[in-house]
Amino acid sequence: MDKDQDKILDEVTTGEYKYGFHSDIESEQIQKGLSEDVVRIISAKKNEPDWLLEFRLKAYRHWLTMKMPAWPNLKIPVINYQDIIFYSAPKQKPKLNSLDEIDPELKRTFDKLGIPLEEQKHLAGVAVDAVMDSVSVKTTFREALAEMGIIFCSFSDAVHEYPDLVKRYMGTVVPYTDNFFASLNSAVFSDGSFCYIPKGVRCPMELSTYFRINAANTGQFERTLLVADEESYVSYLEGCTAPSRDENQLHAAIVEIIAEKNSEVKYSTVQNWYPGDKDGKGGIFNFVTKRGMCRGENSKISWTQIETGSAITWKYPSCILRGDNSTGEFYSVAVTNNHQQADTGTKMIHIGKNTKSTIVSKGISAGKGQNSYRGLVKILKNASNARNFSQCDSLLLGDKCGAHTFPYLEVDNQTAIVEHEATTSKIGEDQIFYCNQRGISTEDAIGMIVNGYAREVINKLPMEFAVEAQKLLQISLEGSVG
Amino acid sequence: MLDINNLKVSIAGKSILKGVSLHVKPGEIHAIMGPNGSGKSTLASVLTGREFAEVTEGTVTYMGNNLLEMSPEDRAKEGIFLGFQYPIEIPGVSMVNFMKTAVNEKRKHHGLDPLSASDFLKMMREKKELVEIDSKLANRSVNEGFSGGEKKKNEIFQMAMLEPKLAILDETDSGLDIDALRIVANGVNKLKKADNSFIVITHYQRLLDHIIPDVVHVLYDGRIVKTAGKELALELEAKGYDWIKKEVENNVIA
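So the sequence lines, in the order shown, correspond to chains A and B. At position 192 of the first sequence the residue is numbered 192 (the numbering used here), and the sequence of numbers has no breaks. At position 101 of the second sequence the residue is numbered 1101 (the numbering used here), and the sequence of numbers has no breaks.
Hints are not guaranteed to be accurate.
[What the hints assert, rightly or not] Using C-beta positions, here's what the derived DEER-type ranges look like:
| id | chain 1 | residue 1 | chain 2 | residue 2 | range |
| --- | --- | --- | --- | --- | --- |
| 1 | A | Phe-389 | B | Ala-1012 | 41 to 47 Å |
| 2 | A | Ile-417 | B | Gly-1149 | 52 to 58 Å |
| 3 | A | Ile-417 | B | Asp-1179 | 41 to 47 Å |
| 4 | A | Gly-398 | B | Asn-1189 | 42 to 48 Å |
| 5 | A | Glu-247 | B | Gly-1175 | 57 to 63 Å |
| 6 | B | Phe-1052 | A | Thr-423 | 22 to 28 Å |
[Claimed, not checked] Calculated from the model, a selection of chain B residues having no Cβ within reach of chain A, i.e. all distances over 10 Å:
| id | residue |
| --- | --- |
| 7 | Ser-1010 |
| 8 | Glu-1054 |
| 9 | Gly-1175 |
| 10 | Ala-1180 |
| 11 | Tyr-1204 |
| 12 | Gly-1229 |
Simulated from the structure, these hints should not be mistaken for laboratory data. The structure displayed is predicted, hence computed values, not measured ones. Don't be surprised by glycine CBs; every beta carbon is placed ideally from N, CA and C.
Hey, can you work out the whole structure from these sequences and the hints?
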């Protein structure tokens, strides 16, 4: 790890957002604005079965009755939904039989992002579903995984090829009525990833989805559905970037995880959407609903997130611990620099007996960033011997940023043991000077201190991505002190 | 090695050093003694480049260069080491990682390749033995949860790792029991060579029983009011600082 760390320190030379480029890819877009017709157009473009169109329409009609949530500790400008393009797809030939048919510019874009679409070039042991704007452009290793019975494909393909599975699970963890952005997503979602691990299979490689927003004035609304059948295991990772633009762009996604008896799902996110410029202009609004259901006994869902990007982040990856002896975990590092705002945390809902949850949240605020942790631990009446441990730490760089903690606790069973620890600390000039005096520059010192602070969470990521995450933390905070 | 001429320094507008001159040659150990508030730690801060100390007059030349124009990290890489009076805790950053970064930054500065992991660990082992530091300390986070004595020993360990040309020890003896004091002093004595120098800032004589200085200075009210050989430390111990204060007030020395 130390060697990697050295490499990181050497590689990092500029504090600019590295993924802010825009690719010239001809795209097929529908007119901007949202209406029942738009929902029907999206469904028709994807040639969807009627049951899915019905689902979308119900969601849309429900959404019309809802208001944007006002409770987050965020300042969100008014979003004009009639000004957003809800469907944008890179133009390509109707059916892709080989990689040669992919637009070279598209390939180049993902190469530039470090996500080669050629399987042989890719990081060994990682399968990728690459999503640009509204559609999945390529899923690697699909055939190899299929031999083990693992289904890993775009959501659209799943709808056509595995309609029964999609029908059985979609909306069971995050119903279309769940919240404002979940309803919106359910109405207009365009693509995303689908993954099914059959009974008794341990997925041999990391599965990942890479989300890229490219087109201007569009929103990205993807949906991920991940099902781990009995006795199975999968580790899943998502990454995301977007071009630097002056306008805000909306990203409202849904992730649903179902873990059956004795299964384990690890879900990791390295979120690096464009955060806006130093003055707070532009950036992605990242309003995401992520929830996992531990349906079977002894099942486990573990969320790890490194949140460095987005102008505004609003997300609470949660676990519903329904099966007895099931376990939920949430490990989070959220960085807000310049004018970024984040209101993030988790919900752990203990329903089954002997259920356990762990929450480790590390907020880092710099510049004028505002960082809130919001978490709910709920122990229901029948959840005997439930246990929760929560630790919420905040680190402040400078004196213009803010850290806030909103823990909620609802316990209806007397046998529950719930612990909560919280700390707030500042990177002191003393610490930086101490490093300086040993010959370490201020930027490197901050990187080192922040990575030390976040180590507990970063260690939960798959190795290849841990290195990436460390680098990202350092880049995100460059220029924040000095 | 180090030439300080008529150095005047203020902190937040208040004059702290009022014209200090000091000349340190290679291989020398200088002790700076003085009562609390006389400006000893401020001198250490100025030499290592802490921002809050503002130089209003005077010059400091280190190895032929204007020290005051150098960044704190460049001073460190050019061989200036400060043993902190109150070493700082850095949670989550292991001593191994911290020292490896520091050692390799210095090597890079001098055009050398970074040490390989095995060479570095070998160096750590040797230096740990040299300063009799518990090997467990090196695996913990920087100073986190260390006792006062462990922190000071850790400073000496870092000094051994970085092999400075000029080491400034700021009240390294404060808060140490006799055994720790001996270990710290032995560390300094073992690291002393013909071409490196030490400035030992201390309040008490007792450290100087173990580290024999070539020159002893008394800093009082921002000025060096007396300079002599090692016997001055003993005299101070016997008579206390009141004697100096009185001499100054009577203008005997001024």
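To see whether the hints hold, each was checked on the structure:
no.: 1; hint: A:Phe-389 to B:Ala-1012: 41 to 47 Å; result: 45 Å, holds
no.: 2; hint: A:Ile-417 to B:Gly-1149: 52 to 58 Å; result: 38 Å, violated
no.: 3; hint: A:Ile-417 to B:Asp-1179: 41 to 47 Å; result: 44 Å, holds
no.: 4; hint: A:Gly-398 to B:Asn-1189: 42 to 48 Å; result: 43 Å, holds
no.: 5; hint: A:Glu-247 to B:Gly-1175: 57 to 63 Å; result: 59 Å, holds
no.: 6; hint: B:Phe-1052 to A:Thr-423: 22 to 28 Å; result: 27 Å, holds
no.: 7; hint: Ser-1010; result: 19 Å, holds
no.: 8; hint: Glu-1054; result: 15 Å, holds
no.: 9; hint: Gly-1175; result: 18 Å, holds
no.: 10; hint: Ala-1180; result: 21 Å, holds
no.: 11; hint: Tyr-1204; result: 24 Å, holds
no.: 12; hint: Gly-1229; result: 30 Å, holds
In summary, the one numbered hint that this structure violates is 2.
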